[in-house]
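Given the coordinates of chain H, assemble chain Y onto it according to the supplied hints.
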Amino acid sequence: MGIDSLIGGTIWDEYSNKVTNLMNNPQNMGEITEEDAQRMHAKLIVADFGAESCGDAVRLYWAVDPKTDTIVESKFKSFGCGTAIASSDTMAELCKGKTVDEAVKITNIDVEFAMRDHADTPAVPPQKMHCSVMAYDVIKKAAAQYKGVDINSFEQEVIVCECARISLSTLQEVIRLNDLTTVEQITDYTKAGAFCKSCIRPGGHEVKDVYLVDLLDEYEKEKLAGKASLGNAGVSTGDFATMTIVQRIKAVDKVVDENIRQMLVMDGGDMEILDIKENGENFDIYIRYLGSCSGCASSSTGTLFAIENILKEKLSDKIRVLPL
Amino acid sequence: MNVYLDNNATTIVDPEVFAEMEPYFVQKYGNPNSLHAFASDTHPGIKAGMEKIYAGINAPREDSVVITSCATESNNWVLKSIYFEFILTGKKNHIMVSEVEHPSVITTAKFLEGLGCKVTYLPINHEGIVDVQSVRNNITDKTALVSVMWANNETGAIFPVEEIGAICKEHGVPFHTDAVQAIGKLPVDVQAFNVDYLTFSAHKFHGPKGVGALYIKKGKELLPLLHGGAQMGGYRSGTLNVAGIVGMGKAMQNAVEALEYEMTAIRKMRDAFEDELLKIADTFVVTPREKRTPNTILISFRGIEGEAMLWDLNRAGIGASTGSACASEDLEANSVMEAIGAAEDLAHTAIRFSLSRYTTQEELDHALKAVQAAVTRLRGISSSYAYTPKGHVSGLAEHH
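Those sequence lines, one after another, are chains H and Y.
Residues in the first sequence are numbered consecutively from -6, following the numbering used here.
Residues in the second sequence are numbered consecutively from 211, following the numbering used here.
Worth flagging that the hints you see were computed from the coordinates, not collected in a lab.
Backbone N, C-alpha and C define an ideal beta-carbon position, used for all residues, glycine too.
One or more of the hints may lead you astray.
Which residues of chain H face chain Y? A partial, calculated answer using Cβ under 10 Å [as the list claims (entries may be wrong)]:
(1) Met16
(2) Glu45
(3) Ser71
(4) Ser81
Isolated chain H, as found in the complex (with noise of 0.2 Å):
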């Protein structure tokens, strides 16, 4: 909340000036035809994304040189609000002069920031942001056309959070390794969910395959087993080598805060594991000391000792501790 939220305003005064002018004055709107993609020795391409039921549809016109793969002129026509006409506008814009496989890789993170007066001030408000996405899309769709090939080509990855351009993987990774349970949270590390939000849970704008929520679950459903295979106990050297990178990390948080944390923070210092990594029949953790530790001539000797045995004796013998 806060007097800015309980003000709230039109969305039209978080408008760019950009935006505003190219609703105003379209720069690229309007067709290419058969006629004129054979005056400029040019392949029309043309490419729909989007339904009038949905709010927003664009149509790109692209005139690409075959010998070149070259875009030389590129058009659009829109139905939508002023957003999806002005990021149309410049998506358009942005393909010009611009082979197709460049062209490609402009997404509506591109298109927003091109409309932006400055730098660091968003060109649209967050739940507008949604009006970009079919921009990339449709060019993508273009492409596709263009080489004759499937339009899921060009998307290496799942994209959760399209708005922000956020992957399955990265959600995934940032879930766990910040041991994040609320949509907010995402929100706040990722950006992802922090526009359009139909990407947080089903009943949005848009259908999706998998929501953030399901993600919070599928990492609150894996800390339970994790905790019911640490409970089972789990001291052994196969558990720990059995278990997921997650499960480790966590058993030796466990470890560090019961039997390690108090001794270093008597002496005004702490530590930090920063990653776990397998090494041939080893296990790696690399740390961190902090406060008074980082200095300390015994940091590396007898309290690495001290860590390192400890570790040991509670999850592996083959764990080795390397401070950094």
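Leaving out everything else, chain Y in the frame of chain H:
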């Protein structure tokens, strides 16, 4: 020229209303509940205001018209009070609301649903009017409340409150109607219709913002929503909004006096404006005119997204409205358009023009020109009207 055609959202304050309110800020500022002349100075104004409000809806003296802060408060009060008294205690388990109620009813109903109350969302037909038969079909002896608006804010569709009231009476079920869009546009008489609770709000009929009311029939008393110093007969605590009551009273009086003008002259202007709008190709109106409040037009312009239309109208100085996707926070299509089952491609194209007794013919002429210009420009941009090369299969339907 600036033209305000968003009178279903709010209205200009009638200067006579403002003039009557003015003394209650700097001169007669006493708290009406205190024991001194500063307080008593406010009493005649409050009394006169309340009399006018009662007269405006033909409420008997033994019934209550409680002044609230807004229609949202009134609507919340009815639903939540019914929940506390009948649902939470297990006496009843069910309420019914139309699927196109104002968010202050729908969202409250959904909240109560989350607390275990059964809710029936009554469907509307292709004309945007709630189906009486569905009330009859769904009412049970466990139904604690039926809440159906008098007229819809988006389409202006007038709902069959009289018949629904009769069905409720027959089954002994309390009936609430949100009459926010009816006061000043239609004759509203709580005795002629079987209404137990009726919501209205001053700013929709040229009164001040921040003043709502809830009519409560004798014998259908509600638990208070706001507990405190027992103002308003203990129904609604909080220091009386003296100027607000005075203003609402005067606004009600003037609205009732202007009702005839609204129902004839404004209707005629609205109809003529609508005729002109419908001359534009590919335009659609849902509810038939005679079934609508006299001031409202909800019209779709094919191929033009609602917010884009508002954008161009705003540049031309015209204030209109849309419930459609991009203009709202949640990006959802106009709920009424969806409920009506309007062609899917029109769900995001509806624009609402709502007139008032302050609207002039000159303004409408100007607005018409602005609409025509906007349609020409935006259809020029629209993919719905774009060039399709021979052999191109349109893919404008694969999203989502």
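Would the hint on Ser71 (chain H) stand, with a C-beta cut-off of 10 Å toward chain Y? holds (5 Å)
Please verify that hint: Ser81 (chain H), Cβ, nearest Cβ of chain Y, below 10 Å or not. Because about 9 Å separates Ser81 (chain H) from the closest Cβ in chain Y, which is inside the 10 Å limit, the hint holds.
At a threshold of 10 Å, is the proposed contact between Met16 (chain H) and chain Y supported by beta-carbon distances? holds (6 Å)
Quick one, is the Glu45 (chain H) hint okay against chain Y at 10 Å, beta carbons? holds (4 Å)
Checked against the numbered hints given earlier, the structure satisfies every one of them.
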